[in-house]
Amino acid sequence: MDLPGPRWKKGKDGKDFAALAAAHPMSAIIAELIASFTSSTPVAVLSGPGGGAVLGVEPEQAVILNRVSIGYAIENATTQKHWFQLSPEEVFYLCHALNCIRVESQDKKHMCEGELWDHFRSISESFPEMYKAYSHLRLKNWVVRSGLQYGADFVSYCHHPALVHSEFAVVVVPEVAESGNRCGRLKVWSDHLCALRASGSVAKTLLVLTISSVSNCELSSPYCLEQLVVHERTITRWIPQQCREQQCEPSRDHTNVSREEQVVKNKSVAFNYWGVVLGFTVLSSLLVYKLKFRQ
Amino acid sequence: MDLPGPRWKKGKDGKDFAALAAANPMSAIFAELIASFTSSMPVAILSGTGGAAILGVEPEQAVILIRAAIGHAIENTLAEKHWFQLSPEEVFYLCHALNCIRVESEDKKQMYEVELWDHFRSVSEPFPVMYKAYSHLRLKNWVVRSGLQYGADFVAYSHHPALVHSEFAVVVVPEGAEFGNRCGRLKVWSDLLCALRASGSVAKTLLVLTISTVSNCELSSPDCLEQLVVHERTITRWMPQLCREQRCKPGRDHTNVSREEQVMKNKSVAFNYCGVILGFTVLSSLLVYKLKFRQ
Numbered sequence: 001m002d003l004p005g006p007r008w009k010k011g012k013d014g015k016d017f018a019a020l021a022a023a024h025p026m027s028a029i030i031a032e033l034i035a036s037f038t039s040s041t042p043v044a045v046l047s048g049p050g051g052g053a054v055l056g057v058e059p060e061q062a063v064i065l066n067r068v069s070i071g072y073a074i075e076n077a078t079t080q081k082h083w084f085q086l087s088p089e090e091v092f093y094l095c096h097a098l099n100c101i102r103v104e105s106q107d108k109k110h111m112c113e114g115e116l117w118d119h120f121r122s123i124s125e126s127f128p129e130m131y132k133a134y135s136h137l138r139l140k141n142w143v144v145r146s147g148l149q150y151g152a153d154f155v156s157y158c159h160h161p162a163l164v165h166s167e168f169a170v171v172v173v174p175e176v177a178e179s180g181n182r183c184g185r186l187k188v189w190s191d192h193l194c195a196l197r198a199s200g201s202v203a204k205t206l207l208v209l210t211i212s213s214v215s216n217c218e219l220s221s222p223y224c225l226e227q228l229v230v231h232e233r234t235i236t237r238w239i240p241q242q243c244r245e246q247q248c249e250p251s252r253d254h255t256n257v258s259r260e261e262q263v264v265k266n267k268s269v270a271f272n273y274w275g276v277v278l279g280f281t282v283l284s285s286l287l288v289y290k291l292k293f294r295q
Numbered sequence: 296m297d298l299p300g301p302r303w304k305k306g307k308d309g310k311d312f313a314a315l316a317a318a319n320p321m322s323a324i325f326a327e328l329i330a331s332f333t334s335s336m337p338v339a340i341l342s343g344t345g346g347a348a349i350l351g352v353e354p355e356q357a358v359i360l361i362r363a364a365i366g367h368a369i370e371n372t373l374a375e376k377h378w379f380q381l382s383p384e385e386v387f388y389l390c391h392a393l394n395c396i397r398v399e400s401e402d403k404k405q406m407y408e409v410e411l412w413d414h415f416r417s418v419s420e421p422f423p424v425m426y427k428a429y430s431h432l433r434l435k436n437w438v439v440r441s442g443l444q445y446g447a448d449f450v451a452y453s454h455h456p457a458l459v460h461s462e463f464a465v466v467v468v469p470e471g472a473e474f475g476n477r478c479g480r481l482k483v484w485s486d487l488l489c490a491l492r493a494s495g496s497v498a499k500t501l502l503v504l505t506i507s508t509v510s511n512c513e514l515s516s517p518d519c520l521e522q523l524v525v526h527e528r529t530i531t532r533w534m535p536q537l538c539r540e541q542r543c544k545p546g547r548d549h550t551n552v553s554r555e556e557q558v559m560k561n562k563s564v565a566f567n568y569c570g571v572i573l574g575f576t577v578l579s580s581l582l583v584y585k586l587k588f589r590q
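Top to bottom, those sequences are chains A and B.
Residue numbering for the first sequence follows my numbering, beginning at 1 and increasing consecutively.
Residue numbering for the second sequence follows my numbering, beginning at 296 and increasing consecutively.
Simulated from the structure, these hints should not be mistaken for laboratory data.
Just so you know, these numbers come straight off a predicted model, no measurement behind them.
Wrong hints could be hidden among the right ones.
Claimed, not checked - Pairwise CB distance ranges (calculated):
id : chain 1 : residue 1 : chain 2 : residue 2 : range
1  : B       : Met-534   : A       : Ala-162   : 22 to 32 Å
2  : B       : Lys-482   : A       : Gly-50    : 15 to 25 Å
3  : A       : Pro-240   : B       : Glu-420   : 54 to 64 Å
As the list claims (entries may be wrong) - No more than 27 Å apart at the CA atoms, straight line, and that leaves these computed lysine-lysine pairs for DSS-like:
id : chain 1 : residue 1 : chain 2 : residue 2
4  : A       : Lys-187   : B       : Lys-482
5  : B       : Lys-376   : B       : Lys-403
6  : A       : Lys-140   : A       : Lys-10
7  : A       : Lys-109   : A       : Lys-81
8  : B       : Lys-587   : A       : Lys-290
9  : A       : Lys-109   : A       : Lys-9
10 : A       : Lys-290   : B       : Lys-585
11 : B       : Lys-585   : A       : Lys-292
12 : B       : Lys-305   : B       : Lys-403
13 : A       : Lys-108   : A       : Lys-81
14 : B       : Lys-376   : B       : Lys-404
15 : B       : Lys-435   : A       : Lys-292
16 : B       : Lys-435   : B       : Lys-304
No residue lacks a Cβ here, since even glycine has one placed at the ideal position from N, Cα and C.
All chains, full assembly: derive it from the sequences and hints.
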């Protein structure tokens, strides 16, 4: 069963966003980001309890960060540096996967990757599988943002959120023994149907990423990331009437009914026009006849 | 914030279902059920793997069972006995709480309450909490049915499902060390928002029943039911614009726009008519003038 493709937004004056996205693929923008950041290596400072970090960049780097859709720009009056709020997954992705930023703790102490991993794990128990899912999709050039408002862990876009609507609502289900009671998600049918309904109501396909481990791996170090395996499954609802040979889609019936009503309306309008025209022709010819033959 | 009351369905010829329900309260129907069943003690036979049971009743008892909205009637050509498919919670409720049926296993062996409890627990691990939630609502005279298709554990009606739409989508969340890894449901914000969206899309309020234990209780016997405590919480979405003093609902603006478009269309049609009539009046008067003054 084929999934619907990406839904591109409509640009002003009929601008073609699909062509715009094809001309500037996400992989090229990420390459630009790496090139620009590696020279200066901007510093992200960890924020307090939220678990994220604040990153300060130069104006031209801020433009690239916006184009790649990482983090949220924080309003700032000074024009020198632009500040971005990053989530834990975004911080670790820029630091570990792309290797283009440095991270400091609140006491201005440099954090290496192991320390950063421990820090994020202490704040959020599910960080290992969340980050694995995030990096898995990002490395395939999907744009991944928080899916909280849509009832999912992430939502993924095939390009920048300003150009396209997100296609997938991503739910991360860990199947690692160390995950403990986080394995309780999507275990019962009602939870599955709940997620299906919720993602369907916002026009997204449900994508379940199941994270399991190849061998007994210690989640206490970032090296376990190579041991984690991601299984991707889209779950869609099978609607019997749309899949039969004689396609009799209920939505099409509804359009047919409205089209028939439209045709009937048009006919009646045309009929009225002709009636008026005919009436006047008859009247004027009668008048002419009368006048001609009176004299 | 007040919850919307029950949504009554519309009866044929304007029948008032709310009045009908008020005249026949659920408590009275259950009293009738107990009175009718206790004399004959119908037998429910456990089915194989589903965990459900089949109950055979006399025709007049079948009527009461349908009015109480318990079980699903199975089509049967024999007019002697009517057969109903019951879920595990319904079987245990009729047997343990109302004490009005007997239960036999597939080998025609009488099952006592403890054996029945063990049987259902072996089929489905969350049976204790599910049954506690089911009986908690039923004893308050709510009609409780399976909520699987709506993405919830149960749906609760204030009277018979033929008369009213269900108000609540019920999700059961166990809390306590005895429940193991089933505590993983609704633990993260995205799961909660998912359940909220899904229940909102079917016009129901999300009702979360949290089952916890007073003291260390053994789930292996039905006596633990008295030890389980149920906390009821409805979770609704707070929408700022609906709660301000000056209400400015976006839905109303949309209706205004379409009304304006409609008025414009009508005006243009009328204009076309007038144009045609005017044209013909001018032409005919010209013709008359010409003919009159030629001769």
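Next item on the list: Please write out, lowest number first, the hints stated earlier that are contradicted by the structure.
Entry: 3, 9, 12, 15
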